[in-house]
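> Sequence:
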Amino acid sequence: MPEPMPMCPMANMCRGMMERRFSGYLCIIPGIAFIGFGILIAIEPRLLVWFAAASAILMGIMMLVMAGFMRSAGRGDRV
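In the numbering used here, the protein residues as written are 398 to 476.
Possibly wrong hints are sitting among the right ones.
[As the list claims (entries may be wrong)] Label-pair distances were calculated between CB atoms; the ranges are:
id, residue 1, residue 2, range
1, G435, S469, 35 to 41 Å
2, M459, G421, 22 to 28 Å
3, G428, A450, 21 to 27 Å
4, A430, G473, 36 to 42 Å
5, R472, A449, 33 to 39 Å
6, L445, R468, 33 to 39 Å
7, G421, M456, 25 to 31 Å
8, E441, C411, 35 to 41 Å
9, V462, L423, 21 to 27 Å
10, F419, M456, 25 to 31 Å
11, I426, V446, 20 to 26 Å
12, L455, G421, 22 to 28 Å
13, R472, G421, 38 to 44 Å
Simulated from the structure, these hints should not be mistaken for lab results. Nothing here was measured: the structure is a model prediction, and the numbers come from that model. From the three backbone atoms N, C-alpha and C, an ideal C-beta is built for every residue, glycine too.
Build out the structure end to end from the sequences listed, making use of the hints.
Right under this line is the structure:
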């Protein structure tokens, strides 16, 4: 097998993922989850508000965590 591109830092990781046996199934799980959420929303449209609220809260938490990590990395506390 030819070596991955030397300038691409993700090439080795992607090659490792493709060589593993069940890595394709990990991509199927979110698709099935989105289809399930879509069916639930079609059955009960009020769930859309709860899903939107939950995703906004999770995005906010992730942004706060990332901001804290970037601030500490900028100070040199951890990398």
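> R472 and G421, beta-carbon distance inside 38 to 44 Å?
With Cβ atoms ~41 Å apart, the hint holds.
> Using the Cβ atoms, figure out if E441 sits within 35 to 41 Å of C411.
holds (39 Å)
> Using the C-beta atoms of I426 and V446, is the stated range 20 to 26 Å upheld?
The hint (20 to 26 Å, Cβ to Cβ) holds, given that I426 and V446 are roughly 25 Å apart.
> Is 21 to 27 Å right for how far apart the beta carbons of V462 and L423 are?
For L423 against V462, whose Cβ atoms are near 23 Å apart, the range 21 to 27 Å holds.
> Is 33 to 39 Å right for how far apart the beta carbons of L445 and R468 are?
Since the Cβ atoms of L445 and R468 sit about 35 Å apart, the hinted range of 33 to 39 Å holds.
> Per the hint of 22 to 28 Å, is the separation of the Cβ atoms of L455 and G421 within bounds?
holds (26 Å)
> When you take the CB atoms of G428 and A450, is the distance between them in 21 to 27 Å?
holds (23 Å)
> Does the beta carbon distance between F419 and M456 stay inside 25 to 31 Å, or does it fall outside?
Holds - the Cβ-Cβ distance for F419 and M456, about 29 Å, lies within 25 to 31 Å.
> Can you let me know if the beta-carbon spacing of R472 and A449 is within 33 to 39 Å?
holds (35 Å)
> Do the Cβ positions of M459 and G421 conform to the proposed distance bound of 22 to 28 Å?
Hint holds: Cβ distance 26 Å, inside 22 to 28 Å.
> Taking the CB of G435 and the CB of S469, does the distance hold inside 35 to 41 Å?
Roughly 39 Å apart at Cβ, these two residues keep to the hinted range, so it holds.
> Between the beta carbons of A430 and G473, is the distance compatible with 36 to 42 Å?
holds (39 Å)
Hint violations for this structure: none, all hints satisfied.
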